[in-house]
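Participant: One letter stands for each residue in the lines below.
There are 2 protein chains.
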Amino acid sequence: MKLGELGEFGFINRIANRITRTDGVVIGIGDDAGALTPTPGCLTLVTSDMLVEGVHFDLSLCDAWTLGRKSLAVNLSDIAAMGGRPRHFLLSLAIPAALPVEFLDRFIAGMLERAGEFDVALIGGDTCSSRDGLVISVTAMGEQQPGKIVRRGGAAPGDLILVTGSLGDAALGLELLRRGEREGESVTRHLDPVPRVHEGLALAEAGLPTAMIDVSDGLLADLGHILEQSGAGARLQLAQLPLSPSFRRTASAFTHDPFIFPLAGGEDYELLFTVPPAREAAVNEVLRGSGLRVSVIGEITRDSGLTVLDANGRSYPVTARGYNHFPSP
Amino acid sequence: MKLGELGEFGFINRIANRITRTDGVVIGIGDDAGALTPTPGCLTLVTSDMLVEGVHFDLSLCDAWTLGRKSLAVNLSDIAAMGGRPRHFLLSLAIPAALPVEFLDRFIAGMLERAGEFDVALIGGDTCSSRDGLVISVTAMGEQQPGKIVRRGGAAPGDLILVTGSLGDAALGLELLRRGEREGESVTRHLDPVPRVHEGLALAEAGLPTAMIDVSDGLLADLGHILEQSGAGARLQLAQLPLSPSFRRTASAFTHDPFIFPLAGGEDYELLFTVPPAREAAVNEVLRGSGLRVSVIGEITRDSGLTVLDANGRSYPVTARGYNHFPSP
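Chains E and W are the protein sequences, given in the same order.
Going by my numbering, the first residue of the first sequence is number 38, and it counts up by one from there.
Going by my numbering, the first residue of the second sequence is number 38, and it counts up by one from there.
The hints are simulated quantities; they were obtained by calculation from the structure and are not laboratory data.
Accuracy of the hints is not assured; some may be wrong.
Claimed, not checked - Derived Cβ-Cβ restraints for the label pairs, each shown as a range:
| hint | chain 1 | residue 1 | chain 2 | residue 2 | range |
| --- | --- | --- | --- | --- | --- |
| 1 | W | Ala348 | E | Glu154 | 56 to 64 Å |
| 2 | E | Asp95 | W | Gly244 | 46 to 54 Å |
| 3 | E | Ala318 | W | Arg55 | 42 to 50 Å |
| 4 | W | Thr57 | E | Phe291 | 45 to 53 Å |
| 5 | W | Glu220 | E | Phe291 | 57 to 65 Å |
| 6 | W | Gly191 | E | Asp95 | 40 to 48 Å |
| 7 | E | Ala193 | W | Gly328 | 52 to 60 Å |
| 8 | E | Asp95 | W | Ala290 | 45 to 53 Å |
| 9 | E | Val355 | W | Ala146 | 34 to 42 Å |
| 10 | W | Glu139 | E | Gly217 | 39 to 47 Å |
Ideal placement from N, C-alpha and C gives every residue a C-beta, glycine not left out.
If we strip away everything but chain E, and leave its shape as in the complex, we get (with noise of 0.2 Å):
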């Protein structure tokens, strides 16, 4: 079925008809504006991504159901680098006309399934034509009282940089999907990243790190946005970064260097955060429930800069630095 025969307000009810959470929402989708109700005590967490074809998915190497599932996935994943609990969120499209409503179906389909396991409500948002590719922004919003609301900017010298799970594997996933690969592990961390909601949520209840981000753009470059907000510096510790089994079955037929994929490939949607070393237990106690690793991968220096040292402490050589959507000619 084409999008025409359901018309734009048809399509719209469509997607009304399968909400089921409505968890604070006083005014759901179909009025000039969604209405919710605030937690008293807590400040408003708010945040978008744009996800546009061509550039962040490629609609041959992907179906519809698993983009939807990760378009709201890696919104959910900045509330959760904030420590937030992510509550509503609000879904723009801009639709190619020669698409199916079959495909719409299926990314709504698992949007609204991703947004069932992190318990938010699609709250409102916009569908408009596009002229090409089909375009998806997400609003994401949460939840955290004042005090516990994690930054970028708290990091101190002497702290611990830790992350959670393994990094690598999402940007290792997107070249075996180049090359012809349709799943795997590596592949299932491109296409359906888990956000680390309940991690984010559980550390900042705790009250336990001084900084946190997530790894969107890349390890070095997530880092260094802790590191600029913070005024500091850090070395990393390259036999300490968290590979997966996957990982290093497969990573070394690719390049020389499988270091560039934990380093500087992006979208692992994992948590990096800093906590003082007399609080590592905590993080290790905190986390023990979740099934997820976490590892110390360096510490946060006085002096800026950011030194990576490999297994024989000397410093290797760091070049790409992450994705930037602008890069110099």
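Starting from the known structure of chain E, fit chain W onto it as the hints suggest.
Facilitator: Relative to chain E, chain W alone:
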């Protein structure tokens, strides 16, 4: 200058440095999410609108400054239509590589000027590259007490239908632009609409409207939303539609039926609302200071359906029904 010379984060910093309004903003641009303080006792209102090059705007017909103003205005208009007070917004941009930084500077300057006029603060968003045209996604947030929010579904039989300002100018302006005109009242109404924020807020604070919407898709389409959600019908008086002097002077040159502009032309961004007849005087009282006329254009009926009567009381054939992004083939 090309965006590549500035880089993604250079561009974001360039925007951040120009923001002066920070009312209610605890964390603004430059972290994973923005954080803001909700006003106790208020619901949070939130709305998103996407503007796509080649669909919503044509860069050969508008300048960057007014496009920035309009991109925010259409979102503020949605908050106004709920009777809310807009406070914050997010801006996401998908930017073609060839677009000069100077264009973006003027776009942002126009948008921040509009923001200043309505005392709303930019708190975040996203920037990325676009394969094709410019895509603008704005999310606006506002507030209002639960009992004062005005929805679409509250119109009752016997209620008067009122509209602020004048109708049809924006659609006529678009037609004039396409024929080569670059200025004049109608053209300005299309390129640089004024959201009726003060008026929507004043009406809501006084508790007057039973239903309200902004005229974005066209009078018939937007009144249709009120009727559908209120489970009622309406009778409109063609002779009472508010037409501006410049509209009257110009429109008849284009069509034998100039009423097509006020009835089906979109983007006037006036407020369309209903009140019981006993409140008409209070509406005039509340809006007296705004300098904006307000017109009774019809009434809500018990029987469903929408009838338009001409000056002689004869039924006027309604053909066009406003903008639909996905028309039937």
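Participant: All the hints need checking, so say for each whether the structure fits it.
Facilitator: Hint by hint, here is what the structure shows:
For Ala348 of chain W and Glu154 of chain E, the Cβ-Cβ distance of about 59 Å falls inside the hinted range of 56 to 64 Å, so the restraint holds. In this structure, Asp95 of chain E and Gly244 of chain W meet the distance hint of 46 to 54 Å, their C-beta atoms being roughly 52 Å apart. As the Cβ distance of Ala318 of chain E to Arg55 of chain W is approximately 45 Å, the hint placing it in 42 to 50 Å holds. At roughly 48 Å, the beta-carbon separation of Thr57 of chain W and Phe291 of chain E lies within the given 45 to 53 Å, and the hint holds.
Between Glu220 of chain W and Phe291 of chain E the beta carbon distance is about 58 Å. The supplied range of 57 to 65 Å therefore holds. Here the CB-CB span from Gly191 of chain W to Asp95 of chain E is close to 46 Å, well matched to the stated 40 to 48 Å. Distance hint check: the CB atoms of Ala193 of chain E and Gly328 of chain W are about 55 Å apart, consistent with the given range 52 to 60 Å. The hinted range of 45 to 53 Å is satisfied by Asp95 of chain E and Ala290 of chain W, whose Cβ atoms lie roughly 49 Å apart.
At roughly 37 Å, the beta carbons of Val355 of chain E and Ala146 of chain W sit within the given window of 34 to 42 Å. Roughly 43 Å separates the CB atoms of Glu139 of chain W and Gly217 of chain E, a value that falls within the hinted 39 to 47 Å.
In summary, the structure agrees with every hint in the numbered list given earlier.
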